[in-house]
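This is what each chain is made of:
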Amino acid sequence: MASGRERILRRRIKSVQSTKKITRAMELIAASRIVRAQQAIAAARPYVTQMRKVVADLGHDPEGQRHPLFRQPEETRRAAIVAITADRGLAGAYNSSVIRTTERLIREYESAGVDVMLVTTGKKAQSYFRYRGRAAESFIGFSERPAFGDAREVAAVVMRAFEEGEVDTVNLVYTRFLSLGSQQVTTRQLIPLLREDIESGTEDDAAEDSGGTIVYEFEPDPEEIVEKLLPSWVEAELLVALLEGAASEQAARQRAMKAATDNANDLLETLTREANNARQAEITQEISEIVGGANALAGASATSE
Amino acid sequence: MATTHVELVTPQRNLFSGEAEMVTCRTEGGDIAFLADHMPYLGVLEPCVVRIIAEGGGETRMAAHGGFVEVHHNRVTILADVAEPGDDIDLARAQRAREEAERAVAAGNDPEAEAALRRAQARVEAAGG
Numbered sequence: 001m002a003s004g005r006e007r008i009l010r011r012r013i014k015s016v017q018s019t020k021k022i023t024r025a026m027e028l029i030a031a032s033r034i035v036r037a038q039q040a041i042a043a044a045r046p047y048v049t050q051m052r053k054v055v056a057d058l059g060h061d062p063e064g065q066r067h068p069l070f071r072q073p074e075e076t077r078r079a080a081i082v083a084i085t086a087d088r089g090l091a092g093a094y095n096s097s098v099i100r101t102t103e104r105l106i107r108e109y110e111s112a113g114v115d116v117m118l119v120t121t122g123k124k125a126q127s128y129f130r131y132r133g134r135a136a137e138s139f140i141g142f143s144e145r146p147a148f149g150d151a152r153e154v155a156a157v158v159m160r161a162f163e164e165g166e167v168d169t170v171n172l173v174y175t176r177f178l179s180l181g182s183q184q185v186t187t188r189q190l191i192p193l194l195r196e197d198i199e200s201g202t203e204d205d206a207a208e209d210s211g212g213t214i215v216y217e218f219e220p221d222p223e224e225i226v227e228k229l230l231p232s233w234v235e236a237e238l239l240v241a242l243l244e245g246a247a248s249e250q251a252a253r254q255r256a257m258k259a260a261t262d263n264a265n266d267l268l269e270t271l272t273r274e275a276n277n278a279r280q281a282e283i284t285q286e287i288s289e290i291v292g293g294a295n296a297l298a299g300a301s302a303t304s305e
Numbered sequence: 001m002a003t004t005h006v007e008l009v010t011p012q013r014n015l016f017s018g019e020a021e022m023v024t025c026r027t028e029g030g031d032i033a034f035l036a037d038h039m040p041y042l043g044v045l046e047p048c049v050v051r052i053i054a055e056g057g058g059e060t061r062m063a064a065h066g067g068f069v070e071v072h073h074n075r076v077t078i079l080a081d082v083a084e085p086g087d088d089i090d091l092a093r094a095q096r097a098r099e100e101a102e103r104a105v106a107a108g109n110d111p112e113a114e115a116a117l118r119r120a121q122a123r124v125e126a127a128g129g
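Line by line, the protein sequences are chains A and B.
Take the first sequence: its letters are residues 1 to 305, numbered as in my numbering.
Take the second sequence: its letters are residues 1 to 129, numbered as in my numbering.
No lab work stands behind these hints, which were simulated from the structure alone.
These numbers come from a predicted model, not from an experiment.
Virtual Cβ for every residue (Gly too), placed ideally from N, Cα, C.
No incorrect hints appear here.
Selected chain A positions facing chain B (in silico; Cβ < 7 Å): (1) A43; (2) E217; (3) E219; (4) P220; (5) I225; (6) L229.
Label pairs and their computed distance ranges (CB to CB): (7) B:E19 with A:E137: 43 to 51 Å; (8) A:A259 with B:G57: 53 to 61 Å; (9) B:A115 with A:A259: 49 to 57 Å; (10) A:P62 with B:A115: 27 to 35 Å; (11) A:K14 with B:R93: 54 to 62 Å.
Chain B with its partners taken away, still in its complex shape (with noise of 0.2 Å):
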C-alpha cells in the first residue's frame, strides 16, 4: 500500500520521522486522518493522540498538546509545541491526572481547567488507557 512520509517535531525533539499508512490527529474542525497523497491541507491541531500506523499494521501513539499540521506533497508534518511518546507515559499518573482535571472543570466553568482536561485525556489515551 502506498505510503506518507510523517515528520513529528517538537521544540525540544524530533519524536517521529518515517513513513507511514495512516496518521490520525484531531483539529479544529475535529477528527481527521490522512492517507498517501493526501490534499494540501494546514490546519491547528487540538491536544489530542497522534496514531502512526506503520505499513504492515504498527502503531505509534503519541500525545501532542497543540500545534500545527501540514500536509502538502505527500507529507505529513506535525508541529507540536509539546508532546510526548506514549510510551514514555505513566498510566495510573496520567489517569489521575485526568479525574483531577475533571474535578476541575466539573467545579466551576474554568477554560484553562477544560484544556487541562482535553490534554489529560490525551495523555490517557497515548498511555493506551
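In isolation and in its complexed conformation, chain A is listed as follows (with noise of 0.2 Å):
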C-alpha cells in the first residue's frame, strides 16, 4: 500500500502528465499555424511591394509630393499608436512587449505634451488599456486570420483621424516576423510617410531615377488618385503588420509550448524519481520493520529458555 507521500508524489504526477498533453497539443497547432500564417504574408507580400513601389514613385512626382500624407508636421499635437496584439495569450512574451512598448511610446508622447490617441487591435491590449482606464479604439476577433477587410477597418479609423486633424502622426507598434526563430517588436511610423520609406521602395530603380521626379499622366486628375492611392497604402501597410503580428504569435505560442513541454517533461522525471524514492524508503523501513520484530522475538525466546 503506498504510503500519503508516494500517494501525493503520483497525483501530481498524473496531472503534470495532462498538463504536458494540453501543452503539446498547443505546441502542434501553432507549429501547423506558422506555416499557414507564412503563406499569408508570402501571398499578401507581392501586392505590398507594388504598392510601395506606386508610392514611392508619386513621391517623387511634384504633384504626388504635395498630399499631407507625405508632408512632415511641423509641431505634433496629437500622435496615435495602433498596438497589434493577440486575441489570446499562452504566448509567450508576444503580448507583453506590443503592451510594454507601446506603454513607453505613450509615456514618451506624453512627457513631451503630446495627446495620444490610442487604437489596438487584439483582446490582450483591449483587456490590458481598459482596464488602467485608456480610452482605446479597439479591434478584436481576427488576431489569428487577419483579411484586408480587418486592415481595412483599422486604416479607416486611424486615416479618418489624421484627415480630420485629430492626429498629426500615426505610428505603428507591431511585432516583426523576421524568421521562425526571430520576432522583433517594431514601432514604426506609418503617417506621414517617412522619407526613408520612399526611398526604399525606388531601390532597385534608383540608378534611372537619379533625376529624382518622374512625371506622371493621371487619370483622373492627381488629386483625386492620390486622395485614393494613399488610404490603400495605409490598407496594405496595416495588412502585412497584421500579418506579420499573425504569424508572430503563433511563434511565440509555439515556442512557450515547448518550453511547458519540455519543463513538464524534467518534472516528470524527478517526480518519478522521488516516488520511487520514497516507495523504495517505505519497503526498507518495512524489511527492517520484520526483521527487528523477527530479531527481537528470537531474542524473547532465547531469554525465556
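Both chains are given apart, each in its own frame, so use the hints to dock them into the complex.
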C-alpha cells in the first residue's frame, strides 16, 4: 500500500502528465498555423511591394508630394498609436512586449505634451488598456487570421483621424516576423510617410531615377488619385503588420508551449525519481521493521529458554 | 514585337506576372490599352476585365474590381482590391448575378446596385460571355 508521500507524488505526476498533453497539443497546433500564417504573408507580399513602389514613385512626382500624407508636421500635438496584439494568451512574451513598448511610447509622447489616441487590435491590448482606464479604439476577433477587410477597418479609423486633423502622426507598434526563430517588436511611423519609406520602395530603380522626379499622366486628376491611393497604401501596410503579427503570435506560442512541454518532462523525471525513492524507502522501512520484529522475537525466546 | 512587364496583384495573391504585348483595362477616363514603353501613368481602376495579350496572341482575362494601375519604366502594375482569373468564374452563375443586378438597378436609383452591376458585367466578360 502506497504511503502518504508516494500517493501525493503519484497524483502530481498524473496532473503534470495531463498538462503536458495540453501544452504539447498547443505546440503542434501553433507549429502548423505558423506555416499558414507564413503563406498568408507570402501571398500578400507582392501586392504590398508593388503598392510601396507605386507610392514611392508618387513621392517623386511633384503633384503627389503635395499631399498631406507626405508632409512632415511642423509640430506634433496629437499622435495616434496602433498596437497589434493577439486575442489569446499563452504566447510567451508576445503580447506583453507589444504592450510594454506601447506604454513606453505613450509615456514619451505624454511627457512631451502630446495627446495620444490609442488604437488596438487583439483582446489582450484591449483588456490591458481598458483595465487601466485608457480609452482606446479596439478591434478584436481576427488576430490569428487577419484579412484585408480587417486591415481596412483599422485603416479607416486612423485615416479619418488624420484627415480630420485630429492627429498629426500615426505610429504602428507590431511584431515583425523576421524568421521562425526571430521576431522583433517594432515601432514605426506610418503617417506621414517617411522619406526613407519612399526611398526604399525605389531601391532597384535608383539608377534610373537619378533625376528624382517622374512626371505622370494621371487619370482622373492627380489630387483625386492621391486621395484614393494613399489610403490603400495605409491599408496594405496595416495588412502586412497584422499578418506578421499573426505569424509572430503563433511562433511565440509554439516556443512558449515547447518550453512548457520540456519543463513538464523535466518535472516528470524528478517526480518519478522522488516517487520511486519514497516507495523504496517505505519498503526498506517495512523490511527493517520485520527484521527488527523477528530479532526481538528471537531474542525473547532465547532468554526464556 | 516589344513587350512590357505586367504584374497583376491583389492582397490575397499574385495573379499574373510576366511579359505581354498589350494590356487593356478600364479607368475612370474610359478603356485604355498599354503597349511597350508607355509613358508614366497612374489611374484609378474601374471594375472591368483586364486583358493581357501575350507575345504571339495568347490572351489572359481577369475580372478586377477596382484598384489602381501604374505604368512606369515599361512596367504595368495593376493593384486590384479583388480580382479573379476568368477561368475560375462560373459563367452561368455570373450571368444570373448580372441579371439580378440589372433588375436591382432598374428598380431604383441605388449606387450600390450600379456598382454591383459593373462588377457582374466584368465577371461575365472575363468568363468569356
